[in-house]
Amino acid sequence: MSERKLIDARGAFCPGPLMELIANLKLIRIGDEIEVLSTDKGSAHDIPAWVAKVKHEMVGIEEQEDAWHIVVRKSK
Amino acid sequence: MDAPPLFIMLCSGDHEKIQMAAMSASVAAVSERPVEVFVSMNAMNVFKKDVSDVRYHGGDYSHIMKERGAPDAIELLQQGKMLGDMKIYACSMSLDVAQIGLDALVEEIFDDIGGLTTFLSDAEKGQLVVF
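Protein chains in written order, with this note's numbering: chain A, 32 to 107; chain B, 27 to 157.
Extracted from the complex, chain B is given alone in its bound form (with noise of 0.2 angstroms):
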């Protein structure tokens, strides 16, 4: 039987819940299992084109994998997109807000604008998770 697909709800901007969404959300794709992300909030802010100084930021765990050279979660997001059936939806609302559009974000991500009404409509579908 097919697993069912994997809707990741991506909203926190701490580089621990940021690093295990994409990594679940690799893994899944790269396992057979179709996977959509959808990004919102303060999440957004990590995959902006124009940071500062540091992406990530987080507790005691982000210096850890800082330290050591954890795979870096953009990265592994690419790389599940690459290798496998994964879709990245950027939350239109949070753009909005923020009055930014999908230009402003790192290329090679996201595959569109999305809305949260079809999101969930979608993720009917499969196993929904928030990070």
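Just chain A, with the same shape it has in the complex (with noise of 0.2 angstroms):
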């Protein structure tokens, strides 16, 4: 069974999410989750893309009315 870690990281600014993201992937298990609140724009296209990059998984991305809800998979 999987575990999701939420990080608020809301108020950062570039590349403060990303960073914390990052951070937060050494920590877990591989197939757990990360959910990181966001209200910085840039990160919502940033951490997609950083993601896709470094071959981790897109879980879902959803711009709710606090924040961006941006979902990782640890995928190695």
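Keep in mind the hints are simulated off the structure, nothing from the lab. Check each hint, because a few of them may be wrong.
[As the list claims (entries may be wrong)] Taking CB as the label site, the calculated pair distances span: (1) A:Arg-60 x B:Gly-95: 44 to 54 angstroms; (2) A:Met-32 x B:Leu-128: 42 to 52 angstroms; (3) B:Glu-58 x A:Leu-58: 12 to 22 angstroms; (4) A:Gly-62 x B:Gln-125: 48 to 58 angstroms.
[Said to hold, decoys possible] Just so you have them, the derived chain A footprint on chain B, three or more residues with Cβ under 8 angstroms: (5) 45-54; (6) 92-103.
[What the hints assert, rightly or not] With a cut-off of at most 25 angstroms between alpha-carbon atoms, the simulated BS3-like pairs for lysine-lysine come out as follows: (7) B:Lys-113 x A:Lys-84; (8) B:Lys-151 x A:Lys-84; (9) B:Lys-43 x B:Lys-92; (10) B:Lys-113 x B:Lys-151; (11) B:Lys-43 x A:Lys-72; (12) A:Lys-86 x A:Lys-72; (13) A:Lys-57 x A:Lys-86; (14) A:Lys-57 x B:Lys-74; (15) B:Lys-43 x B:Lys-75; (16) B:Lys-113 x B:Lys-75; (17) B:Lys-92 x B:Lys-75; (18) A:Lys-105 x A:Lys-86; (19) B:Lys-113 x A:Lys-86; (20) B:Lys-151 x B:Lys-92; (21) A:Lys-72 x B:Lys-113; (22) A:Lys-107 x A:Lys-84; (23) A:Lys-57 x A:Lys-105; (24) A:Lys-36 x A:Lys-107.
For each residue, glycine too, the CB sits at the ideal point set by N, CA and C.
The two chains are supplied separately, each in an independent frame; assemble them into the complex guided by the hints.
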């Protein structure tokens, strides 16, 4: 059963949310997920691009009222 | 294909340029691209342990970044080193003329003192960006 960790990076500017995601990916197991909350629009574009480049997996991305919710699965 | 290494020559003491250099270096490093940074000239002042009051000086965007709480450039470099493949060298000539050593600079940033000749020679393997 995979686990999902929540990172609240609301209010942080680029590349803050990405760096927080990467630091936390180091700490979780392969198959587990991280949900990043970000109010930085650039990160909503950059995080999926980074995930594709380094070959993790995008689970979903959604703009909600409070923030972007970006879910990434660690795949290596 | 592996991305070619990124070589960043950081000479300006302007906050905006230091911020862009730190962002570029750290994002490249965490994107599985090896990075080498060569710090020289006025940029060296920003990395001194002993800064009188304000570490970063610049123009309009410097003020905006401080007001809004943009990530700290030195912390970005430290994160990039921790999470990726990044080496940072302090220009030996800049240290010599200022009569200071690595011990005068912020800790957990610099890997070593480096010379321009070696850096330029290494940079032939990748792309060089100057700030």
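Distance restraint between Lys-151 of chain B and Lys-84 of chain A, which requires alpha-carbon spacing of 25 angstroms or less: Holds, because 21 angstroms separates the two Cα atoms, which is no more than 25 angstroms.
Pair hint outcome, Lys-105 of chain A versus Lys-86 of chain A [Cα-Cα no greater than 25 angstroms]: holds (9 angstroms)
Hint consistency between Lys-43 of chain B and Lys-72 of chain A [alpha-carbon to alpha-carbon, up to 25 angstroms]: holds (22 angstroms)
Pairwise hint evaluation, Lys-84 of chain A against Lys-107 of chain A, where the allowed Cα distance is 25 angstroms at most: holds (13 angstroms)
Holds or violated: Lys-36 of chain A to Lys-107 of chain A, with C-alpha atoms at most 25 angstroms apart: Satisfied, since the Cα-Cα distance of roughly 17 angstroms is no more than 25 angstroms.
25 angstroms limit on alpha-carbon distance, applied to hinted pair Lys-72 of chain A and Lys-113 of chain B: violated (30 angstroms)
Coverage claim, chain A over the segment 92-103 of chain B, checked by counting residues with Cβ within 8 angstroms (three needed): Our answer is that it holds, as 5 residues pass the Cβ test (under 8 angstroms) against chain A, meeting three.
Hinted pair Lys-113 of chain B and Lys-151 of chain B, Cα distance within 25 angstroms: holds (15 angstroms)
Pair hint Lys-92 of chain B and Lys-75 of chain B, alpha-carbon separation not exceeding 25 angstroms: holds (20 angstroms)
Pair hint outcome, Lys-57 of chain A versus Lys-74 of chain B [Cα-Cα no greater than 25 angstroms]: Violated, at roughly 31 angstroms.
Straight-line alpha-carbon gap Lys-43 of chain B to Lys-75 of chain B, limit 25 angstroms: Holds - the C-alpha atoms of Lys-75 of chain B and Lys-43 of chain B are around 20 angstroms apart, at most 25 angstroms.
Pairwise beta carbon distance, Arg-60 of chain A to Gly-95 of chain B, judged against the given window 44 to 54 angstroms: Because 32 angstroms falls outside the window, the suggested range is violated.
The structure is inconsistent with the numbered hints 1, 14, 20 and 21, although it conforms to all the rest.
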